[in-house]
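Colleague: Okay, here's what each chain looks like letter by letter:
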Amino acid sequence: GAVVSQHPSWVICKSGTSVKIECRSLDFQATTMFWYRQFPKQSLMLMATSNEGSKATYEQGVEKDKFLINHASLTLSTLTVTSAHPEDSSFYICSAGTPIGPYQETQYFGPGTRLLVL
Amino acid sequence: GENVEQHPSTLSVQEGDSAVIKCTYSDSASNYFPWYKQELGKRPQLIIDIRSNVGEKKDQRIAVTLNKTAKHFSLHITETQPEDSAVYFCAAGAGSYQLTFGKGTKLSVIP
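Protein sequence lines, in the order shown, are assigned to chains W and V.
One gets my numbering by counting positions in the first sequence from 1 and adding 35 to each.
One gets my numbering by counting positions in the second sequence from 1 and adding 458 to each.
Be aware that one or more of the hints could be misleading.
Derived DMTMM-like pairs (lysine to aspartate or glutamate); straight-line CA-CA distance at most 20 Å [as the list claims (entries may be wrong)]:
(1) Lys76/W <-> Glu463/V
(2) Lys516/V <-> Asp475/V
(3) Lys76/W <-> Glu541/V
(4) Lys500/V <-> Glu57/W
If you're looking for bench data, these hints aren't it; they were derived computationally from the structure.
Start from the sequences, fold in the hints, and give me the full structure.
Modeller: Dropping the structure here:
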């Protein structure tokens with residue numbers, strides 16, 4: 036199957052700092068990447084959809100100025116959590132869309148980044 | 459938008475028994491239904507999926523059924539093993555790209 040990497044796997048930072056998370060599709064080109072947030076024992080909450088070369092589409096309630104997304108190439112999308120606060124502590128997972136048939140994609144997930152803001 | 463309901467939230471079965479997880483969706487335009495397995499602290503892994511032009515799909519001990527009229531689909535795991543213990547998520551998508559996920563089912567297989 037398709038391989039998606041994510042870096043870093045975990046990060047601890049001080050309140051007020053910014054953290055950048057990278058998501059890469061290693062063996063395929065992904066025109067669409069997704070960023071999710073997952074709280075303990077809860078489901079995946081879509082934060083934004085990232086398309087290569089264009090602005091990300093954010094879900095309702097997600098602050099685009101706080102969660103900056105850049106999809107600079109067909110294999111790389113980045114999520115920057117700006118001025119992080121303790122309430123931003125969470126498990127952030129990216130996924131990359133890859134075609135499984137005409138007009139249809141499935142998503143393969145990265146391993147996730149665990150963020151702890153002190 | 460799409461709304462996906464998943465039941466049960468927790469499920470315990472004896473090793474060797476079958477497990478069934480059910481999901482319903484609201485958007486009749488949805489035509490792609492994947493299932494993901496997530497072990498603790500790890501990424502969700504796609505285990506099986508089905509498209510709306512198919513009623514059932516099977517892969518060894520795992521099968522998925524889809525009833526488009528009733529807007530529900532189910533995951534069936536037969537001959538469960540301890541390594542099947544994980545959280546399972548269903549999802550629904552229309553055409554391509556975006557998926558809406560259910561809240562997950564924590565499956566525990568008791569040896």
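Colleague: Each hint should be assessed against the structure and marked as holding or not.
Modeller: Each hint tested on the structure:
| no. | hint | result |
| --- | --- | --- |
| 1 | Lys76/W <-> Glu463/V | holds (16 Å) |
| 2 | Lys516/V <-> Asp475/V | holds (17 Å) |
| 3 | Lys76/W <-> Glu541/V | holds (19 Å) |
| 4 | Lys500/V <-> Glu57/W | holds (17 Å) |
Every hint from the earlier list agrees with this structure, and none is contradicted.
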